[in-house]
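All chains, please: the whole structure from these sequences, using the hints.
Number of protein chains: 2
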Amino acid sequence: MKILITGGAGFLGQRLARKLLEQGRLALGESREPITQIDLLDVVQTDAINDTRVRSVKGDVADPAVLESLIGTDTAAVFHLAAIVSGQAEADFDLGMRINLDASRALLETCRLRGHRPRVVFTSSVAVYGGALPDLVRDDTALNPQSSYGTQKAIAELLLADYTRRGFVDGRALRLPTISVRPGRPNAAASSFASGIIREPLNGEPAVCPVGADTRLWLLSPRRAVQALIAGCELDARALADRRPVNLPGVSVTVAEMAQALREIAGDAVADRISWKADPKVEAIVGSWPGGWDTARAARLGLEGDNGFADIIRAYIGDDLRGTV
Amino acid sequence: MKILITGGAGFLGQRLARKLLEQGRLALGESREPITQIDLLDVVQTDAINDTRVRSVKGDVADPAVLESLIGTDTAAVFHLAAIVSGQAEADFDLGMRINLDASRALLETCRLRGHRPRVVFTSSVAVYGGALPDLVRDDTALNPQSSYGTQKAIAELLLADYTRRGFVDGRALRLPTISVRPGRPNAAASSFASGIIREPLNGEPAVCPVGADTRLWLLSPRRAVQALIAGCELDARALADRRPVNLPGVSVTVAEMAQALREIAGDAVADRISWKADPKVEAIVGSWPGGWDTARAARLGLEGDNGFADIIRAYIGDDLRGTV
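As they're listed, the protein sequences go chains A and B.
If you're matching positions, the first sequence starts at 1 in the numbering used here and goes up one per residue.
If you're matching positions, the second sequence starts at 1 in the numbering used here and goes up one per residue.
For the record, the hints were derived by calculation from the structure and aren't laboratory data.
One or more of the hints may lead you astray.
Chain copies aren't distinguished; within one or between two, either way the pair holds.
List of simulated lysine to any residue pairs, SDA-like, C-alpha gap at most 25 Å [said to hold, decoys possible]: (1) K277 x R263; (2) K281 x G29; (3) K277 x P134; (4) K281 x D74; (5) K2 x V325; (6) K277 x D214; (7) K281 x G167; (8) K281 x D242; (9) K58 x A261; (10) K277 x D94; (11) K2 x V282; (12) K281 x R166.
The structure is reproduced here in structure tokens:
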């Protein structure tokens, strides 16, 4: 079977591809055929994965011709990870609309055109929630995004649900908590600091936290995120019934608690590399997100999160620092 | 001031225009200037309203050039009523997407281009709700549309909210209950019968009810709908805070109760013109809608509904049958 990953050169796309290659198969209903090809579509070419099954394609995810060249009736699953992150979508409205909305719609349209009803796994976000929120967001809490990014994600969720209802695709929208600890460099996501304040100190660099110490975040490790993407793709459609968005389980933690966990694992010298300087733009976006949500449905669906933030730090040390600090 | 009404040749657009002409002014914040021009954009030309302030424009509401020719910096308010109704949007997916989604977005983009932040009143619908619903839908109940029409309306609501948050427009999305009793002929709306089973018998014609007698509807008269559109446009933005969609008040009634109210007002001979024949397609769409919702917020905002279904029938007799049956 063929698989397409959009945003395939990104860190999550790369990890997902590696995990898929490692397991070699995807269980889709009765079928559990070997994965013969994974296309990684992104704005840049990548040769990071050395495997004959992988093809890196440089192209515009919002261009229907690109999508039509990559999605055939033999494409069993599409993981749609390509996105403009929250801070950038807020700064460049048109770019966010083009990638987060138009590309998602073009992707669904291409699948509809092919007519074979592939699985489409769409990564949505905590940012679809906002405004006055209950302490614990439930699956049936209204979406009220307070950023263009959250709005675009919410719209793509609605499209995915309707394309699924009409039988054009078999879609699953997985609402990801903030991913932490991401490897690599800071990016334009408003939540970039949620990785930076752990990653940079562990790598001997200073980090600035732009939100208050009592800001509550809802976090998931890259390791668990990749597991959830694959499990979400393999889920029986009947288990999802008429609600295609699924809130993935996360760890609810304040920024102060994150710094304290780092202190306990890596010591004072490392944790003291964090300094605090409020950025109202980041606080406005991140502060509108819920600090946690009811995970009962995800648990029923067999989707697992991390066991506390210390585990998340250890997963980063294990996966990205080869186990050493 | 200039006003644009899309779907301006439709019955609601026509009534809205007449009411606006009658009151002569619109209270927008400090300003209460006279209405100098009302443009009625629709797929057909209409000369039903004889008033020098009214201009009927035949054009495609999804064509940005048409919108740019009609929306200027002197356009104080846009009432965006143009839509493909639920049954038709379900039958013709592409047409529904074009008019209910693309046109709404093009309209918002045109306003953004002008840069003067006009008021935009968007008519949304009970159809944005669906799936497993609480007995009484609240303002913060999640949208879970089970029709393409409801999906497109929900998406346009989200766009309107984000364009408002970013300061491109001052938007208000009014979720209309099913409008009953509509004058004229049946249309492709799944809810068309909610007017037909009252209107046709009162006009001496038979009517078929395609849903079960215990189906619960949520209804608003055209008279109250027009009042709510104008009141919604005039509302102070601060009263809406960060939630631009407003659930308008309706009357919760079963189809059997509607027939009984008709019997009491117009007699057995009239009510006996209703026959019952289930249509699964209509039942699937209408059955997914809530039969009522919490109207506390609308009441706080000063938006009023009808006082029971008998009042709705009497409003129809008064407004459309010149008071006589």
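Right, here's what the structure says about each hint:
Taking the shortest alpha-carbon separations for K277 and R263, only the intra-copy value of 19 Å comes in at or below 25 Å, while the best inter-copy value is 71 Å. Taking identical chains as interchangeable, the C-alpha atoms of K281 and G29 are never at most 25 Å apart, the minima being 45 Å within one chain and 29 Å between chains. Within a single copy, K277 and P134 get their C-alpha atoms no closer than 28 Å, and across copies no closer than 44 Å, so neither meets the 25 Å cut-off. Proximity of K281 and D74 under a CA criterion of 25 Å is satisfied in neither setting, with 44 Å inside one chain copy and 33 Å between copies.
Neither within a single protomer nor between protomers do K2 and V325 lie at most 25 Å apart by alpha-carbon distance, with minima of 38 Å and 67 Å respectively. For a Cα distance limit of 25 Å, the shortest separation of K277 from D214 inside one copy, 14 Å, qualifies, whereas the shortest one across copies, 60 Å, does not. Within a single copy, K281 and G167 get their C-alpha atoms only as close as 41 Å, which misses the 25 Å cut-off; across copies the closest is 16 Å, which meets it. Taking CA atoms no more than 25 Å apart as the test, K281 paired with D242 passes between copies only; the shortest distance there is 17 Å, against 36 Å inside one copy.
In this assembly of identical chains, K58 and A261 lie within 25 Å of each other by CA distance neither inside one copy nor across copies; the values are 40 Å within and 65 Å between. For the homomeric pair K277 and D94, neither the shortest alpha-carbon distance inside one copy (30 Å) nor that between copies (49 Å) is at most 25 Å. Taking identical chains as interchangeable, the C-alpha atoms of K2 and V282 are never at most 25 Å apart, the minima being 39 Å within one chain and 39 Å between chains. In the homo-oligomer, the alpha carbons of K281 and R166 lie at most 25 Å apart only across protomers (13 Å), although the nearest pairing inside one protomer, at 39 Å, exceeds that limit.
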